[in-house]
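Peer 1: One-letter residues, chain by chain:
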Amino acid sequence: MQDMDPGFVPPPYREVLLTYHDGSVRKVYVTDREEPYPDGHLIVSRTNCDGILTHANAAFVEMSGYTREELIGQPHCILRHPDMPKAAFADLWACVQRGEQWHGYVKNLRKDGGHYWVYASVIPNVRDGVAVGYTSVRRKPSRARIAEAEAAYRDLD
Amino acid sequence: MDDTLQFTVSPDFPPDRLSGWFVFNTWLQRQLGCSVHLEMYDGFSAQRAAVADGHVDLIYANPFDATELVRHRGFVPVARPQGKSDEVVIISRASSAQDAIEALQPGVRVACTTDPDVRQIGLILLEPANLTPADLTLIDTDKHLLSAKQLLKGEADVAFLLADAYDGFSKLLREQTQVLVRSAIRDIHHALLAGPRLTARAAELQQKLVAMGDSATDRQLLGELDFPAWEALETEDVEFMIDVIDTLRAGA
Chain A
1 MQDMDPGFVP PPYREVLLTY HDGSVRKVYV TDREEPYPDG HLIVSRTNCD
51 GILTHANAAF VEMSGYTREE LIGQPHCILR HPDMPKAAFA DLWACVQRGE
101 QWHGYVKNLR KDGGHYWVYA SVIPNVRDGV AVGYTSVRRK PSRARIAEAE
151 AAYRDLD
Chain B
1 MDDTLQFTVS PDFPPDRLSG WFVFNTWLQR QLGCSVHLEM YDGFSAQRAA
51 VADGHVDLIY ANPFDATELV RHRGFVPVAR PQGKSDEVVI ISRASSAQDA
101 IEALQPGVRV ACTTDPDVRQ IGLILLEPAN LTPADLTLID TDKHLLSAKQ
151 LLKGEADVAF LLADAYDGFS KLLREQTQVL VRSAIRDIHH ALLAGPRLTA
201 RAAELQQKLV AMGDSATDRQ LLGELDFPAW EALETEDVEF MIDVIDTLRA
251 GA
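Keeping their order, the protein sequence lines are chains A and B.
Just so we're aligned, residue 1 is where the first sequence starts under UniProt numbering, counting upward by one.
Just so we're aligned, residue 1 is where the second sequence starts under UniProt numbering, counting upward by one.
A few of these clues could be false.
To be verified - Which chain A residues stay away from chain B? Per the calculated CB distances, all over 10 Å, these: (1) Y20; (2) A58; (3) H81; (4) K107; (5) R154.
As the list claims (entries may be wrong) - Reference excerpt, derived from the structure (chain A facing chain B, CB under 7 Å, subset only): (6) H41; (7) K86; (8) N125; (9) T135; (10) V137; (11) R139; (12) A144.
No lab work stands behind these hints, which were simulated from the structure alone.
Using N, Cα and C, we set each Cβ at its ideal position, and we do this for glycine too.
Make the full structure from the sequences, and use the hints.
Peer 2: What follows is the structure in structure tokens.
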């Protein structure tokens with residue numbers, strides 16, 4: 001995955017090197033700006049078994065700040081925010097690879113370095129008994145739940 | 001059982017589309033060359049009982065019922081209405097101080113049909129207020145109009161409605177209410193499904209339905225149903241919608 005382009009990120013921002021589960025590294029640029037989650041929207045996406053995006057609905061595209069063309073074919077972790085603990089994603093992948101559902105609060109990184117909080121649910125897509133990918137739906141969490149998640153994630157790696 | 005095919009429409013259809021569905025049924029009879037009976041059930045429970053008893057051969061189903069019909073009752077996808085998705089509104093009385101989702105408090109009384117997609121999506125739309133089903137008093141109704149009436153009588157604080165049904169209400173009724181939130185999901189929609197007695201003719205029916213968009217007369221007929229054309233619906237399209245619905249249910 002390519003490094004983020006700081007040309008799209010309004011200063012001030014901080015530069016962070018993110019290391020993913022496969023050992024690859026990406027330079028990201030992060031601001032403190034939170035993008036408000038629009039009322040009523042549900043963000044829907046689908047990946048293949050390798051976590052590569054194959055579908056993104058309009059809300060996904062809008063909130064990410066990328067174009068659909070920039071998203072499809074990219075790893076879902078293009079949205080990974082450095083404030084999210086690795087343990088949360090390790091738990092997500094372990095769950096869905098066992099064929100189970102996963103739910104959790106996630107801080108996502110936008111193309112412009114901002115972020116937005118979601119409550120995410122992920123399930124495996126099973127066809128003829130075989131997982132062929134994963135579907136995720138995210139919705140607007142309450143501020144109380146976001147505050148709890150922020151506190152919990154600060155205590156994790 | 002006689003040879004007449006049994007057709008039904010999800011009871012959440014807007015009432016002003018009733019005559020359109022009967023005209024569509026006549027079109028179906030001509031195209032299939034057999035007798036088709038359109039049965040409009042009063043509510044979801046009556047319709048589900050008819051499905052369970054094998055009395056439905058063709059159904060315009062809401063997305064949550066489509067999940068059950070395709071996964072467990074041997075129905076196959078035929079078509080979907082072009083450009084239409086299932087969205088939900090949450091409304092309160094126009095005079096109510098409860099004028100935003102975040103203003104709702106535990107104990108709120110919610111009028112809602114037993115329409116499973118409306119209920120599920122409505123509950124999700126309340127999450128930003130930190131409300132869970134345990135915080136609500138749900139008042140069951142059989143029709144979206146009855147949900148609105150519960151609201152206007154003061155017996156409910158908010159109502160969950162299919163957005164299409166709300167938009168079809170009279171101007172007077174809409175002016176007595178305010179929309180707190182309108183969903184924007186886009187990925188779930190109603191679907192026309194063929195039951196086991198019609199499966200062998202599903203591909204033929206799909207072809208005829210998709211071709212309706214090419215005929216000015218047929219487009220006028222579809223206009224009465226409030227969509228411009230039918231789109232072919234394949235198994236994988238429905239499987240994806242089912243995955244989305246399962247994800248919504250799983251996260252509730």
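Peer 1: Does each hint fit the structure? Answer for all of them.
Peer 2: We went through each hint and held it up to the structure:
Under the 10 Å C-beta cut-off, the non-interface status given to Y20 of chain A relative to chain B holds; the minimum distance is some 24 Å. Remark: the non-interface label on A58 of chain A conflicts with the geometry, its nearest Cβ contact in chain B lying 6 Å away (cut-off 10 Å). For H81 of chain A, the non-interface assignment is confirmed: its Cβ lies about 20 Å from the closest Cβ of chain B, beyond the 10 Å cut-off. Every Cβ of chain B is farther than 10 Å from the Cβ of K107 of chain A; the closest lies at roughly 16 Å, confirming the non-interface assignment.
The claim that R154 of chain A lies off the interface holds: its Cβ sits roughly 21 Å from the closest Cβ of chain B, which is beyond the 10 Å cut-off. A least Cβ separation of about 5 Å between H41 of chain A and chain B falls short of the 7 Å threshold, and the interface hint therefore holds. Checking K86 of chain A against chain B: minimum C-beta separation of about 22 Å lies over 7 Å; hint violated. Given the 7 Å rule on beta carbons, the hint for N125 of chain A holds: about 5 Å separates it from the nearest Cβ of chain B.
At a threshold of 7 Å, the smallest CB-CB gap from T135 of chain A to chain B is about 4 Å, leaving the interface hint in force. At a threshold of 7 Å, the smallest CB-CB gap from V137 of chain A to chain B is about 4 Å, leaving the interface hint in force. Look at R139 of chain A: its Cβ gets to within about 5 Å of chain B, closer than 7 Å, so that hint holds up. With its C-beta approaching chain B no nearer than about 5 Å, A144 of chain A sits inside the 7 Å limit, and its interface hint holds.
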